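Protein sequences, first through last, are from chains A and B.
Residue numbering for the first sequence is 315 to 583, as defined by the working numbering.
Residue numbering for the second sequence is 315 to 583, as defined by the working numbering.
Do not rely on the hints blindly, as some may be mistaken.
All copies of an identical chain are treated as equivalent in the list; a pair is satisfied when it fits inside any one copy or across any two copies.
Unchecked claim - Each computed EDC-like pair below joins lysine to aspartate or glutamate, with the alpha-carbon atoms no more than 16 Å apart:
hint, residue 1, residue 2
1, Lys-479, Glu-490
2, Lys-348, Glu-467
3, Lys-337, Glu-361
4, Lys-547, Glu-576
5, Lys-337, Asp-439
Source of the hints: derived by calculation from the structure; they are not laboratory data.
On a predicted model such as this, the values are computed, not experimentally measured, just so you know.
2 protein chains.
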Amino acid sequence: MDIISIHNYTMDIIQEAAERIRKSFSQKVEIETKADANDLVTNIDKETEMFLIEKIKQYDTNHRILGEEGMSHENISNLDGVVWIVDPIDGTTNFIRQQRNFTISIGIYENGVGKLGYIYDIVRDELFYGIEGQGAYINNVRMNRLEKLPLNEALIGINASWAVKNKRINSERVGELIRYVRGTRSYGSATIECMLVATGKLDAYMSMRLSPWDIAAAAVIAKEVGAEFTTLKGEPINLLHQDTFIIANASIRQEIIEQYVELLPVEIK
Amino acid sequence: MDIISIHNYTMDIIQEAAERIRKSFSQKVEIETKADANDLVTNIDKETEMFLIEKIKQYDTNHRILGEEGMSHENISNLDGVVWIVDPIDGTTNFIRQQRNFTISIGIYENGVGKLGYIYDIVRDELFYGIEGQGAYINNVRMNRLEKLPLNEALIGINASWAVKNKRINSERVGELIRYVRGTRSYGSATIECMLVATGKLDAYMSMRLSPWDIAAAAVIAKEVGAEFTTLKGEPINLLHQDTFIIANASIRQEIIEQYVELLPVEIK
Chain A
315 MDIISIHNYT MDIIQEAAER IRKSFSQKVE IETKADANDL VTNIDKETEM FLIEKIKQYD
375 TNHRILGEEG MSHENISNLD GVVWIVDPID GTTNFIRQQR NFTISIGIYE NGVGKLGYIY
435 DIVRDELFYG IEGQGAYINN VRMNRLEKLP LNEALIGINA SWAVKNKRIN SERVGELIRY
495 VRGTRSYGSA TIECMLVATG KLDAYMSMRL SPWDIAAAAV IAKEVGAEFT TLKGEPINLL
555 HQDTFIIANA SIRQEIIEQY VELLPVEIK
Chain B
315 MDIISIHNYT MDIIQEAAER IRKSFSQKVE IETKADANDL VTNIDKETEM FLIEKIKQYD
375 TNHRILGEEG MSHENISNLD GVVWIVDPID GTTNFIRQQR NFTISIGIYE NGVGKLGYIY
435 DIVRDELFYG IEGQGAYINN VRMNRLEKLP LNEALIGINA SWAVKNKRIN SERVGELIRY
495 VRGTRSYGSA TIECMLVATG KLDAYMSMRL SPWDIAAAAV IAKEVGAEFT TLKGEPINLL
555 HQDTFIIANA SIRQEIIEQY VELLPVEIK
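Isolated chain A, as found in the complex (with noise of 0.2 Å):
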């Protein structure tokens, strides 16, 4: 894997993404629902995932794409190889409601290790790029490592729907948490919410339901200012189905797990 190469061709192509999304602000964009009644997909997120698609096998017909709107009907049940996974737009629904705090997020793994990693807050023009042992920039400024704070400074990206008894999680020591640390935020992004926890400006940030596309490639980035992420349970994330995550500041990761985190059991139907 020529990692210069692709850097230079995925800073290129994300720029144009960009510009295309750019453009849907003057027009009218068309919104369906998924899944859930919540869950929302435009003809933007996928004109832009069929884009990078194009763009991908362009670059190499071998590599191959796991994007969140599934446009390049791949089935992705192992790593192996190169493998892109692509969210065209991270936080659609603020990318509908608010023309901001969405990005496009591209993470480039071979063999499941994470060697690339790309996030674009496009309204705001922050780029963030994480290269595996390289460092993390962004829009080409190093980022700094993390440094360590107790958990009753830190703020904490969690939404308040994790506080609402519900049946993941005991929302009791969820809501303990949130007494103990200094200020919880909520985006709606997690991409935007892991660049946050990134740049110390939060200091972890958890949900009990995020997709590969979500994390791939916040987790290169995060890697390289050693930041750690793991599932709920403290186990290596797993970039081919849907877990719990947290990313956080080293110093606290362990401590919200262990004090704070109770998964219930799921129930089998």
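Let chain A serve as the given structure and place chain B on it in line with the hints.
Then chain B, alone, in the frame of chain A:
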């Protein structure tokens, strides 16, 4: 009250104050805690408030000032005459930790009536203002009046802490609201959340405890686009003390209060 003169003057001093805050990004900021360990204040909050007080007194020594940091040492027990209600930095924790998502907020009231409101998101360079009966603007572009929507399609700004059992509001009912709406967000700055509602990027924002300087400017701006704001009892806001608060698209404010808000009896100490 000479609305045009005071408007031009305020536009100038808010830009000057912003420039001082921008310069502080490259300096070491001094941080203190207030009553609560998570309620932070910096030398920049205080210096910015002092700067604004001096400028306001230069404009008219009879104008009184109610500021978050209390630097004017005026005892404001009524809203007679002209009162400027000032928050030099709304979102101080964000200012310290994120260097974004904070604002300067200035509301100007005459005999208790909101005449002018200014909220400046410095980092995003979005200056919102409203002039009573004359409309509201972002960077001098007229803001649209809000369109109706059903509550189940709404994005709601609410901090996760109100979904956790607390002494002020029935958290289970809050949980029902969180489950019913399209999604929730939390940005850590009341003025930013109010302006997201005023621009239709959120549909409601509620808090159990806001102070006059958190909402004085926002109320003037919000009124001009048809957003409604009251206490969580549905009563008019009072700018002389802390209270509960909701600002919302007019199509959903009453439904939220009637169906999902159950305030708990205040304990007598």
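Here is what the structure says about each hint:
1. With identical chains, the CA atoms of Lys-479 and Glu-490 are at most 16 Å apart both within one copy (13 Å) and between copies (10 Å).
2. Within a single copy, Lys-348 and Glu-467 get their C-alpha atoms only as close as 38 Å, which misses the 16 Å cut-off; across copies the closest is 15 Å, which meets it.
3. With identical chains, the CA atoms of Lys-337 and Glu-361 are at most 16 Å apart within one copy only, with a shortest distance of 13 Å there and 42 Å across copies.
4. In this homomeric assembly, Lys-547 and Glu-576 come within 16 Å of each other (Cα to Cα) only inside a single copy, at 9 Å, whereas the closest approach across copies is 36 Å.
5. Taking the closest pair of Cα atoms, Lys-337 and Asp-439 come within 16 Å of each other only inside a single copy of the chain (15 Å); across copies the shortest separation is 22 Å, beyond that limit.
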